Structures are given as structure tokens and as C-alpha cells.
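There are 2 protein chains.
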Amino acid sequence: MKNSTAQPGDLVEVHLSKKIYEGILLQSSESEKGIVLLKLGSGYNIGFNQKDVLEIKTKRKAKEQKKEERIEHDMKKPSIGMIITGGTIASKLDAKTGGVDPLTSTEEFFRFYPELFEKVNVLKIETPFMKASEDMDYKDWQKIARIAEKMLNDSNIKGIIITHGTDTLHYTSSVLSFFLRDLNKPVVLTYSQRSIDRASSDANMNLQCSALAAISDIAEVMLVGHASSNDDFCYAMPGDKVRKLHTSKRDAFKIINSKPFAKIFPDRIEILREHKVRSKNKVKTDLKFEEKVALVKLYPGQSPEILDFYLKKKYKGIVLEVMGLGHVITKGENSWIKKLKEVQEKGIVVCATAQCINGRLEGYVYSNGRKLLETGVIFLEDMLSETALVKLGWVLGHKDWDVKEKMLD
Amino acid sequence: MKNSTAQPGDLVEVHLSKKIYEGILLQSSESEKGIVLLKLGSGYNIGFNQKDVLEIKTKRKAKEQKKEERIEHDMKKPSIGMIITGGTIASKLDAKTGGVDPLTSTEEFFRFYPELFEKVNVLKIETPFMKASEDMDYKDWQKIARIAEKMLNDSNIKGIIITHGTDTLHYTSSVLSFFLRDLNKPVVLTYSQRSIDRASSDANMNLQCSALAAISDIAEVMLVGHASSNDDFCYAMPGDKVRKLHTSKRDAFKIINSKPFAKIFPDRIEILREHKVRSKNKVKTDLKFEEKVALVKLYPGQSPEILDFYLKKKYKGIVLEVMGLGHVITKGENSWIKKLKEVQEKGIVVCATAQCINGRLEGYVYSNGRKLLETGVIFLEDMLSETALVKLGWVLGHKDWDVKEKMLD
Chain A
1 MKNSTAQPGD LVEVHLSKKI YEGILLQSSE SEKGIVLLKL GSGYNIGFNQ KDVLEIKTKR
61 KAKEQKKEER IEHDMKKPSI GMIITGGTIA SKLDAKTGGV DPLTSTEEFF RFYPELFEKV
121 NVLKIETPFM KASEDMDYKD WQKIARIAEK MLNDSNIKGI IITHGTDTLH YTSSVLSFFL
181 RDLNKPVVLT YSQRSIDRAS SDANMNLQCS ALAAISDIAE VMLVGHASSN DDFCYAMPGD
241 KVRKLHTSKR DAFKIINSKP FAKIFPDRIE ILREHKVRSK NKVKTDLKFE EKVALVKLYP
301 GQSPEILDFY LKKKYKGIVL EVMGLGHVIT KGENSWIKKL KEVQEKGIVV CATAQCINGR
361 LEGYVYSNGR KLLETGVIFL EDMLSETALV KLGWVLGHKD WDVKEKMLD
Chain C
1001 MKNSTAQPGD LVEVHLSKKI YEGILLQSSE SEKGIVLLKL GSGYNIGFNQ KDVLEIKTKR
1061 KAKEQKKEER IEHDMKKPSI GMIITGGTIA SKLDAKTGGV DPLTSTEEFF RFYPELFEKV
1121 NVLKIETPFM KASEDMDYKD WQKIARIAEK MLNDSNIKGI IITHGTDTLH YTSSVLSFFL
1181 RDLNKPVVLT YSQRSIDRAS SDANMNLQCS ALAAISDIAE VMLVGHASSN DDFCYAMPGD
1241 KVRKLHTSKR DAFKIINSKP FAKIFPDRIE ILREHKVRSK NKVKTDLKFE EKVALVKLYP
1301 GQSPEILDFY LKKKYKGIVL EVMGLGHVIT KGENSWIKKL KEVQEKGIVV CATAQCINGR
1361 LEGYVYSNGR KLLETGVIFL EDMLSETALV KLGWVLGHKD WDVKEKMLD
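Going down the list, the sequences are from chains A and C. In terms of the working numbering, the first sequence opens at residue 1 and continues consecutively. In terms of the working numbering, the second sequence opens at residue 1001 and continues consecutively.
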């Protein structure tokens, strides 16, 4: 192998006798001595025996860490607020492991996303925590909502962007739809599926489109992200009608049983349907939340005894992800009907959502559906299970509310 | 209203002063006296006050019940076997309730589907039970597999069709892929989302396409059904790579992380990819099944104490529908890591599948993924949760098998 000046983190070409691979050079560990490790554009790591490598050409050096970084303010542009919470969009490749690590500072975050500043002035930035989204819970949602309230009631700020991990982003976008009352301005949640230092990263376009959404007239909680695997445009999707439906694709989030508010290109926005418009309202948070709520997905042959567990653990509400148009096991030794009546009599609220994801529950078509309805279970029509869970937590947080009325509101 | 001779079950036009509605006339109950009830083509029921109705015109009389019905055999056509198990495809509209009731006899089933006999001779028919599929469990799957084995080893039969309810059809098509060893001929599962007496029924085309699949060379367990909402062609989908993804649309089943074997029009079949071909093998069933397996979908903030419940109830295996690329809650008071180690040490096998549905688990990208892998949880790559559950039951039914090796096989 020719001597190479390539360093871990650099974009390189690895030349073999018959093939050339391009990717980010990774640091080999002691146990991998003699191995050249590369992270490919696809995200996969590949290793080569050093003796098979003819040459390593550096295509682009890793960005040098600047000693001091500042966020430049341009008050001629519309101002937005940002809440940074962690996730891949606030992560970078770790050249040592080939994995992905969180960024350590707000300055580092913005160094990666210079295009964001083309259209907007990021006036306020808050970083309540840096978490992988699977580690977030309702207390984190409350923290985000409190900061959002403060920013939205600041007359200098036109809208806000919340960056977030993807795993539970659709839970957060749903719950903010309930927590933020009398919404006056755009609340945009966005993400990336690939960290910014990867060629295929989706972060920059998602942020550029989010900036346009944040200064638009759409006073809704939205999730903004890739509409397809192409880097051409994003959708602004209703926060409570969206679900992560791919582990790795850039267009991981899909609108379910609804339509996008807008199609957003990095340089323009096309409104697609009606929405709430910005106003002089003062946003108020309503952060009450009952944490003893559970989501249970049904499967054939499942024993209903799981309901006893939730009863014993003093759960207040359960979302059942039921089968088909709204069915549970109704006949035989594992029938859920009697047990469902029992736990509801003992005070647990039970709601039903569709494990089909798409479509609407219709309890009256089949006799099994009618039997489930008769137990008192609340059929949540075309509501997503994830939305149902956070809505149920929020509704049950209000002791004097009519649960059924509010859940179907 | 003009006198009308229309009877419940007839297709009628209801004339109001400004609008005409077409649909199936339903029987009004005592409490609905004075109401004209109609089932619309959309499947929804509508009621009219009798005094607003100018006229009810009969467009088509309900089919008369024939006293005696026989299935005609034409031995010049290729012969197939059929297993009828219930579900919407074996149901008809109940003009009394507007709901859907099971057919009562095999003859009645075939009376509704005359087109099926255009291409094939239905030589053997068995009806082990008539169930809504949400009421089926592993014992029913075993019954179906035993009948299938017998039919597939009958040299007069070219292939079989299994008609089935939709709610758990994808579980049955998965488990048959495991139960039927050395498969020699096509095993086709099909369904309908709308009962046959409705104008929009999908049953006839699904059955016609299933007949072509059953006499084809594709010796696989397949689910055959509408490829789109149009009545133009079906897909033959791999039985273990398919999921119900819409509560009511005719193309409710979608292929996940795979491709169709064939595109089937009512009169021809286009093979799209490689598949096992028919052979002289003798099919053997392997019906061992451990019923103490559970499917658990994770959500943010979920307490891991649910695992104690499964431990106490002596479950042998759990499929965890994890978040993102393969993540559970890893930090904070609700971390699942310690508890997952504990239940696995105590003998429960834990597998992970993606709640994103599409895409593949990749545990090495993020540190939370690596921590989950380190507990010993088996990452099932791009396997569907539903397939994973039945496969885990089947694998654990074999006490001497290497579970990890077999699950990833």
C-alpha cells in the first residue's frame, strides 16, 4: 500500500486491485490491526485487509474543529427560536467506532448547518437536554412545551423549530398538539435519519424546509421532513397524524389518514390545504399528564390476563391496538370480552385503535365489533395508537373531564 | 310514498324529493319503525324518514335461496383443493342488521363464486371451522396445516386455496410457511374485505387470481389479493412477508421488505421473481408449537415491569417491537436493560423486531442499540413482528433446537 496521509474522519477512496470504495475512514481498534475500516455512503461499515489495499486517496479532509464559534445574528431576516433535544440530527459520526455520537455544543450544531441561516435569524436557542428520543418521557415533553410556550409568546419570534431524535418524534409531535393551547405560530419538529457528516444526510434539507415552515402562516404543530427518498422536497405533516414507518430511509415519517399542510422546497413553500393561521393569541400550556397509561397490541391467542397486570399496577388507561375494523378475541377460553368489562368497571379507561394503522375503526359491521363496543371500550376512529396513548395520558391528567368526549374531540 | 314491492336484501333506489340513493334495502327493527334503512355501496348504512321517501324502486331482487345445490366437477380442468375457514369471504350481508354474517354451507359459498370454476375443478373441499380470524389460535393453524398436508400429498390435486378472515390472515400465512416442510405445490391464502353481495366486493377477483396461483409452478405459501384499490390485478405475496395495513381497503395487505412472486390478472399470471417450483416432494407437517409466547410493543416511558408479569406467568419467549433501528429505553428509571438481562438469565428468549415495520434492525449504529444487543436479545433483522411471534412459537416448540440459529435461519 502506498503511504497515505488520510486520517480517521476523512472522506477517502480505497483502491483495491479490481474495485474502488468511497467512504469515511474509520479508526481501527487494536484488535482490528491490519484492517482498513470504511463507513460507506449506505451507512454500512466495510473492512479490508491492509495487504489488499493498493492506495488510500483522501477526497476531503474531516472538518477541523474551530477553537471558537459564534452564532451570527442577522436581524434583517425573520427571527425564529430553536429547541435542540438530541437525536441523530444533533450527532456526528464517531470515527473510532463507526457509530454515531451526540454533538457536544450548540455551536457545534450550527457549524454543521450553515444553510439554516440563509432564510432566518436564529434568535433564541435552548437545549433542555441531549437525549436519544427513545429515552424521553412525558416529563421531557413537558420541558419542551414550557420552552416552546415562552418562545411563542415572544413577539420577536415568528415560529420555532424543535430538533429531535426520530424513534419517538411522532409521540412528541402528537403530545405538543395537546399541550400547547391557543397556538399562535408555527411549531415545527424535525429530525435526520443520517448524521450530517454522511454524504447521504437528510439533515440540511429538513432544516432548510423547517425554517420556511417556521416563518410561514401555518399555526400548527408540524413534523417537517423528506417526502420521499429524493432530496427534493419535504412535507409539513400534521403532528398528530404521522408515524415513523421506516428504520433507515430519509422519508421515514408518513402521514396517516390525513394530508400534508404544505410541500416545502428548500427555497419555497406550497400550501396544500387549510390550516390554522398565525394570530395574536397568547399560547398557554396545559401540561397535566397521567403517566399510568399503557399501549397494548393484540395478537391471536393472546390471553386477556395481561389486563389483570394493569389493574394490579393501578393503571388508569389502556390503548388497545385491536385487529381489523375493531375486534378482539371474542370466542373461546381467551375471549377478552368479560375481562374488558371487568377492568372498565374497576375504573380503567380502555380505548381502541387500529393495528392496521391506515383506515378507520367501524364497530358495527361485524358481531365481534358490536360485542367489543358493548363492553364500553372507546373506539378512536382513525386515530393513531401513538397519538391515542399521549392523548389518553393528557385527558386523564384532567380529573374533571369527560374522557370519552375529550378523546373523540 | 308509493307502494313498493321491495324486500330486504333487494338492490333499490330510494327517491327523495331532491336526491336518489341506491343501495341494499335493510330490514328495519321495531324501534326503527317508519325508517327506511339502506346499505350504500360504500358499506355505510343510511336511514330515511318514511315520509320523506317518494318512491322505492327495485333494481335487482335478492338472490333466491336454491333448495338444493351441488358443486359440479369438470375433470378436464386442473384440480385444486380448498379449505374454507370463515371470515368475510365466507359471509354475506344480513339484511336485518346491516352487518355481515357467516355463510352456513359450502354450497352457499360456491354459489357466490361461480367464476372460480372457469379455470379449475374444485376436487376437494374441507371446512374445519367457520371462524372470524381474530378468534383463531395456534390450534386452528395446526388444523389447517393437517388438512393442507393431506391435500398437497394427493397426486390429483395441483395446489390449494385457503379462504380466511383478514384480521389475522398474515399470522396464518406466516405460520404455514413454517408448519409445512418440503412444500411441493402452491399454497394460496386469500380473503375478501367486503362481502360478496356488495357491489364493491373484492372476493371474486381474489378467488379467480388465487385459482391461477394454485395451478402455477410457485411452490410457496402465498397470500393472493388486490394489488391496489382497482379491480385489475392481484399480487402473489410471500406468506411471511405481508401485513394487513388498512382496515377497509381491498388492497389491505402489503408486502413488507420483500417483493411479490407474481402479478395475477383474472386470466393470466406474470411471474416477477424467483421462487421454489413444484416438485414430487412429500409434504410433512411440523406442528410443534409453544403457546407461551408474547408480542410486546414498546412505547416511551414504558416501565419494564411488564417483563416480570411474563416471567411470573412462565412465558418462554417474547417478541419486543422495539423503536428505530433497535432501541429500548436505556437511560433513567425506566431503563429496560437490566430487566432484559434478568429475564433472559431466567430462561425467557427475547427477540427484537422493528415497530417501524419497514426496514431492518441495525444494533451497531447507536450506543443504545449496542447496549440492547449486549443483553443477548436476538435482533430479527427485517422480520415482521407477526411473523416473528409465530416463528418463535414454532421454534420454541422444538426443545432441542438452537433458538437463535433457527430464528435467523
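Since the hints were made in silico from the structure, they are not lab data. Any given hint might turn out to be false.
List of simulated lysine-lysine pairs, DSS-like, C-alpha gap at most 27 angstroms [to be verified]:
no.	chain 1	residue 1	chain 2	residue 2
1	C	Lys1292	A	Lys313
2	C	Lys1338	A	Lys312
3	C	Lys1131	A	Lys316
4	C	Lys1143	A	Lys313
5	A	Lys331	C	Lys1331
6	A	Lys338	C	Lys1338
7	C	Lys1339	A	Lys341
8	C	Lys1288	A	Lys139
9	C	Lys1312	C	Lys1259
10	A	Lys76	A	Lys150
11	A	Lys249	A	Lys313
12	A	Lys331	C	Lys1338
13	A	Lys292	C	Lys1143
14	A	Lys131	C	Lys1331
15	C	Lys1076	A	Lys339
16	A	Lys314	C	Lys1131
17	C	Lys1341	A	Lys314
18	C	Lys1331	A	Lys288
19	A	Lys339	A	Lys312
20	A	Lys249	C	Lys1314
21	A	Lys312	C	Lys1312
22	C	Lys1313	A	Lys312
23	C	Lys1139	A	Lys331
Small disclaimer: the values here were computed from a predicted structure and weren't measured.
A quick look at each hint next to the structure:
1. For a cut-off of 27 angstroms, the pair hint linking C:Lys1292 to A:Lys313 stands: about 22 angstroms separates their Cα positions.
2. Taking the CA atoms of C:Lys1338 and A:Lys312, the gap is about 23 angstroms. The hint holds against a cut of 27 angstroms.
3. A threshold of 27 angstroms between alpha carbons decides the hint, and for C:Lys1131 with A:Lys316 the separation of about 33 angstroms lies outside it, so the pair is violated.
4. For the suggested pair C:Lys1143 and A:Lys313, the alpha carbons sit about 38 angstroms apart, so the restraint of at most 27 angstroms is broken.
5. Proximity of A:Lys331 to C:Lys1331 is assessed by CA-CA distance (about 41 angstroms); at most 27 angstroms being required, the pair is judged violated.
6. For the suggested pair A:Lys338 and C:Lys1338, the alpha carbons sit about 35 angstroms apart, so the restraint of at most 27 angstroms is broken.
7. Note on C:Lys1339 and A:Lys341: the hinted pairing is violated, with a Cα-Cα distance of about 32 angstroms set against a maximum of 27 angstroms.
8. Proximity of C:Lys1288 to A:Lys139 is assessed by CA-CA distance (about 46 angstroms); at most 27 angstroms being required, the pair is judged violated.
9. Proposed proximity of C:Lys1312 and C:Lys1259 is contradicted: the alpha carbons are some 41 angstroms apart, above 27 angstroms.
10. Restraint check: the Cα-Cα separation between A:Lys76 and A:Lys150 comes to about 22 angstroms, which is no more than 27 angstroms; the hinted pair holds.
11. About 38 angstroms separates the Cα atoms of A:Lys249 and A:Lys313, which puts this hinted pair outside 27 angstroms; it is violated.
12. Distance restraint check for A:Lys331 and C:Lys1338: the Cα-Cα separation of roughly 38 angstroms exceeds the 27 angstroms cut-off, and the hinted pair is therefore not satisfied.
13. Proposed proximity of A:Lys292 and C:Lys1143 is contradicted: the alpha carbons are some 41 angstroms apart, above 27 angstroms.
14. Our distance criterion of 27 angstroms between C-alpha atoms is met by A:Lys131 and C:Lys1331, whose separation comes to about 9 angstroms.
15. Restraint check: the Cα-Cα separation between C:Lys1076 and A:Lys339 comes to about 54 angstroms, which exceeds 27 angstroms; the hinted pair is violated.
16. For the given pair, A:Lys314 sits about 35 angstroms from C:Lys1131 by alpha-carbon distance, which is inconsistent with the 27 angstroms threshold.
17. Using a Cα cut-off of 27 angstroms, the hinted pair C:Lys1341 and A:Lys314 holds, with the two alpha carbons roughly 26 angstroms apart.
18. With a C-alpha separation of about 24 angstroms, the suggested pairing of C:Lys1331 with A:Lys288 holds against the 27 angstroms cut-off.
19. Of the pairs offered as hints, the one joining A:Lys339 and A:Lys312 holds, with about 13 angstroms between alpha carbons and a cut-off of 27 angstroms not exceeded.
20. Among the hinted pairs, A:Lys249 with C:Lys1314 is inconsistent with the structure: their alpha-carbon atoms are about 38 angstroms apart, more than 27 angstroms.
21. For the given pair, A:Lys312 sits about 14 angstroms from C:Lys1312 by alpha-carbon distance, which is consistent with the 27 angstroms threshold.
22. A hinted pair counts as satisfied when its Cα atoms are at most 27 angstroms apart, and C:Lys1313 with A:Lys312 qualifies at roughly 15 angstroms.
23. Our distance criterion of 27 angstroms between C-alpha atoms is met by C:Lys1139 and A:Lys331, whose separation comes to about 14 angstroms.
Hint compliance for this structure: hints 3, 4, 5, 6, 7, 8, 9, 11, 12, 13, 15, 16 and 20 are not met, and every other hint is.
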